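Colleague: Sequence order for the protein chains is Y and U. Just so we're aligned, residue 638 is where the first sequence starts under this note's numbering, counting upward by one. Just so we're aligned, residue 638 is where the second sequence starts under this note's numbering, counting upward by one.
The set of hints was computed from the structure by calculation and includes no laboratory data. Take these hints with a grain of salt, some might be off.
Note: identical chains are not told apart, hence a pair may lie in one copy or across any two.
[Claimed, not checked] Straight-line C-alpha distance at most 30 angstroms; calculated BS3-like pairs for lysine-lysine:
(1) Lys1013 / Lys655
(2) Lys1241 / Lys793
(3) Lys1194 / Lys1013
(4) Lys908 / Lys1013
(5) Lys895 / Lys1242
(6) Lys818 / Lys1194
(7) Lys937 / Lys645
(8) Lys904 / Lys870
Every value quoted in this text rests on a predicted model; they were computed, and no experiment measured them.
Protein chains: 2
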Amino acid sequence: MSGGYMGKILRVDLTEGKMADVTLSEADRRQYLGGSGLGAKLLFASTAAAADPLAPDSPLLFLTGPLTGTKVPLSGRHAVVAKSPLTGIWGEADSGGTWGVKLKRAGYDGIIITGKAAAPVYLWVHEAGVEIRPAVHLWGKDTFETDEAVIGETHKDAAVACIGPAGEKLVLLAAIMNDGKDARAAGRCGLGAVMGAKNLKAVAVHGTLRPPVADPERLDALVKQVVPQIVEKTRAFRQYGTSGGLMLAEKMGDLPIKNWRIGVWEKGAEKISGQTMAETILTGNYHCYGCVIGCGRVAKQYFPPFAGVDGGGPEYETLGMLGSAGLVDNLEAVAKANELCNRYGIDTISTGSAVAFAMEAYERGIIDEQDTGGLKLEWGNGEAMLRLVELIGRREGIGALLGQGTRRAAAELGGLAPEFAIHVKGLDFPAHDPRAYSSLAVGYATSNRGACHLQGFSYAFERGLKSPDLGYPEPLDRFTVEGKGVLAAKTQDLMCLFDSLKLCKFILNGGIDVHDMSDWLNAVTGWDTTVQELLQTGERLYNLKRLYNVRCGVSRKDDVLPMRILTHPRREGGAGEHLPALGPMLNEYYRYRGWSEEGIPGQKKLAELGLAEAGVSL
Amino acid sequence: MSGGYMGKILRVDLTEGKMADVTLSEADRRQYLGGSGLGAKLLFASTAAAADPLAPDSPLLFLTGPLTGTKVPLSGRHAVVAKSPLTGIWGEADSGGTWGVKLKRAGYDGIIITGKAAAPVYLWVHEAGVEIRPAVHLWGKDTFETDEAVIGETHKDAAVACIGPAGEKLVLLAAIMNDGKDARAAGRCGLGAVMGAKNLKAVAVHGTLRPPVADPERLDALVKQVVPQIVEKTRAFRQYGTSGGLMLAEKMGDLPIKNWRIGVWEKGAEKISGQTMAETILTGNYHCYGCVIGCGRVAKQYFPPFAGVDGGGPEYETLGMLGSAGLVDNLEAVAKANELCNRYGIDTISTGSAVAFAMEAYERGIIDEQDTGGLKLEWGNGEAMLRLVELIGRREGIGALLGQGTRRAAAELGGLAPEFAIHVKGLDFPAHDPRAYSSLAVGYATSNRGACHLQGFSYAFERGLKSPDLGYPEPLDRFTVEGKGVLAAKTQDLMCLFDSLKLCKFILNGGIDVHDMSDWLNAVTGWDTTVQELLQTGERLYNLKRLYNVRCGVSRKDDVLPMRILTHPRREGGAGEHLPALGPMLNEYYRYRGWSEEGIPGQKKLAELGLAEAGVSL
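Take these sequences, add in the hints, and give me the full structure.
Modeller: Structure below.
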């Protein structure tokens, strides 16, 4: 075993109630790292293309990374991986908080769960052993209540990842939440429904083991060197959270407004901005484990029944999707919607998208008050939005339709509805607009889990970020087309590293570059990884996830964008009339990736990345 | 009444069996000219947005233009106009031959038909009167047989426009054919089904009246001046027909190959080219009335049951859609398919598209031999293609599905099928590729009747054509994006003039420009039209048709292209990797047109074009 990376995975079969430990080979550890990269390797090996994501044999993986629990800053994240029941392809979601670190301290790098318990259970993973415990009494509880109850039954310092009523009811927007009312979320791809389908209410973790580090002195020195710079460069994040950028996003033409139909919402943006939040409902900020930034918000609730209670406040994405996308400018209402999503355990991004979609369907007369159970789904109606979030969380009324995601809802409604379901491959857009940053067009179109800003983070390089290690010593112009296919591919590979090492991407805003990551990884593991090797590893992982999707039927035909984004300009505001030329960027992207004209990684590329030897094939 | 334009329209109500003559006002004649422009004015005034195109009260219009029947070269065309049952929006189709001239010689500029006869009838329009005659004995006959029978019952020199079995059975790809086995077709938009829905089998016309000309000497002089130049410049057209350009189209990356999936088919193209046709099945060429080019083909049939019979041979569009689009390289088979389409009365373009679509669905396993009734719909299978054409014409088996057009067929098949239904607004692409000529992207996306090269003809200006009158003294580069929104708009306006004056567009290849058209029009009518007025008239007519569509629900959301054309390059061949950037071209197009951001002509534009005064409003 190498210096600091145990490579120990817990396997749990809930049908049989059996458990086993698996140790990763040294080669697998170095080639797939951990997190969603390792998840791709494990999922690829264990699921058939036609597998039903909600069937018992569909695996659900919780994974930390080699840096988790070490002194590396911003390394307190974990990944959840499964075939997505929302999209039918590669599914991954990512969460912060303390859960990953505590799993590591219990002695595990990850958990693979298969099977389905006969009745609701939770998993209790600690140093002394692993237990499958009954959870019938927890079924129906929201995620905050579940967290409290499970901690009460296990250990006061345990961390709990769990589903709320939505996951239990197989709502396809269901998230897996952790850290109780601090409300960290593995939100995207509907993985909470996979957990629900297994009758698995929660996974509680706790331990005191310290992950081994090959060269602790070197790691200490490396970390000490960069922390002041990170702290300095991320001051605004600490002060206003991710939503500190919301007014700027509106100004740049990046913020979704009225379901991506219009360009400006200046006064509304100000009302729900991080700055306004700081002056009103904010009561503190939250740090994930090992974080020196603290972008997380703690906010007070002003709506019953939990008025006065503090908890995780809304992020930029939540404010964009549940606020501006539906023209809801009532910050307290959006904060309440955020709380509802957290308690029910549903993704705030896709839920917000579903609400905005429903508002547009209502405006166009495709659904009416009879369909909504009397709700007047007018733009900006915060009360109706809140009620709709509840219905989605409970899978009731029109919420049952919307909780399947806008792609399925639109197909069921028919007519014009598919035109304003704003998704790629079934995953709804997050709150960033490809009309404002060209690279997002090709990034969203090709992203392995569907429309996602975090699987590329390329737009950061179009608004000021630099990475000499990646070949970007200077920021890029945001509207140009040339070079953006390459940017999207390079940053997707880089993000695969973040998602596998389990580092927070905001560390890039702290001035960190790839060589820092490679230094940290070497100090922890004792390896001699180079920047070049690391970037190739990112490429390997990205290609592996693509291959998983190819097996699910994905090809170039699926690498698309909604027509609204291609042909309907924001017109007013910072993005003006800009419409991204997706086709040329896709050409550049495939060529750079060395994929076939149909978007399929070929044998040559597989061999180059060591995937052919690893037995990966279509 | 002005010099040479009678402006006399026949109104026929088939339900009541009533007829009346209507005389157009001088203002209407000058503002809407004739053909499909006048048709737009008349249709707009008489149909509600929600009208069912196949209902008795849905009007069907046959229209000539002010130049029809005069000595103006290439003026032997007529228009058919109705709300399209295929697309649900503005429908127009255009045909050559002798029918239009003979209607004019019977004393009419056009016919408006409403109502539905209790049993099949045909209309006999001649100098001495108009008769509604029983056609029960003709029902079921193909168009060649119908033509012969109706001529036998009316006048040996009558021209007959009629439907075949497809129109009778309301096949949505049904055409209205004229001139018997010379087989001229008003093919697009399914207008044959409108005729069938009225129980109207045929409209026979004959007369000896000469349309009045205000200044015959001037017209003679003008025509004499240009004819030698037209003859000279269109030599290749005469020799090889439109399909003389097929090999070049393949080389340029313009020809549809394998349902728009691949870039080259060199040997196949040669086998079905006009050059090969000239050496094999060609027996003569055909001139529409007044034509000095004679691009029409006469070809011998080699397939039973009509082997040895001469008739209208396949055009470029037919060879592209029924040949290369399905990889069928058997010229005799395509000629036979052309004959079948002509006899059944179905559009060769949309039928070819439906066949290629079915072949792709078969390849992908979406339909199988059980669905096709045992047909092995493999690429290039000419026998299967022929059988499929028959099934579509007869509305039998899988032909019943495909005869609704690929948009509806794909929606019914579901899954991936909509991805490879290559249409805009329900009208299938003709055999020209927007990846080869940028202007076609924005032209197809915005064309009033759906995907159409002839409603813009803009690609001609990207491959050598010039028009100083239009502001194009030099040809344009075919791949550039800038200026192509303007080109598409300008050429759409120009084509509105052609479609209203009822001039053949190939006269442009003869070196004719807008001032010639204006000179001819003035000589015929005695007006003082300028090039500027004429171009504004074109703009008026284009906007009027757009307004008709807006009333049907069309807006910017419908001005789209299939994702395949936007993101899937031909790669090999002359178009290489080029993919058109539709969004930016649309922006330019709407701005040039002075339409709203949603693609709606506003009150200011309506007023400028004199449409507001004319009572046109939404």
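Colleague: Does each hint hold? Answer for all of them.
Modeller: Each hint, compared with the structure:
In this assembly of identical chains, the alpha carbons of Lys1013 and Lys655 never lie at most 30 angstroms apart, being 50 angstroms within a copy and 51 angstroms across copies at closest. Taking CA atoms no more than 30 angstroms apart as the test, Lys1241 paired with Lys793 passes in neither setting, with 52 angstroms inside one copy and 71 angstroms between copies. For the identical chains of this complex, Lys1194 and Lys1013 are inter-copy neighbours only, at 25 angstroms across copies versus 37 angstroms inside a copy, given an alpha-carbon limit of 30 angstroms. In the homo-oligomer, the alpha carbons of Lys908 and Lys1013 lie at most 30 angstroms apart inside one protomer (23 angstroms), although the nearest pairing across protomers, at 63 angstroms, exceeds that limit.
For the identical chains of this complex, Lys895 and Lys1242 are inter-copy neighbours only, at 28 angstroms across copies versus 42 angstroms inside a copy, given an alpha-carbon limit of 30 angstroms. Within a single copy, Lys818 and Lys1194 get their C-alpha atoms no closer than 41 angstroms, and across copies no closer than 42 angstroms, so neither meets the 30 angstroms cut-off. Proximity of Lys937 and Lys645 under a CA criterion of 30 angstroms is satisfied in neither setting, with 40 angstroms inside one chain copy and 78 angstroms between copies. Taking identical chains as interchangeable, the C-alpha atoms of Lys904 and Lys870 lie at most 30 angstroms apart only when both belong to the same chain, with a minimum of 28 angstroms there against 63 angstroms between chains.
Hints 1, 2, 6, 7 from the earlier list are contradicted by this structure; the remaining hints agree with it.
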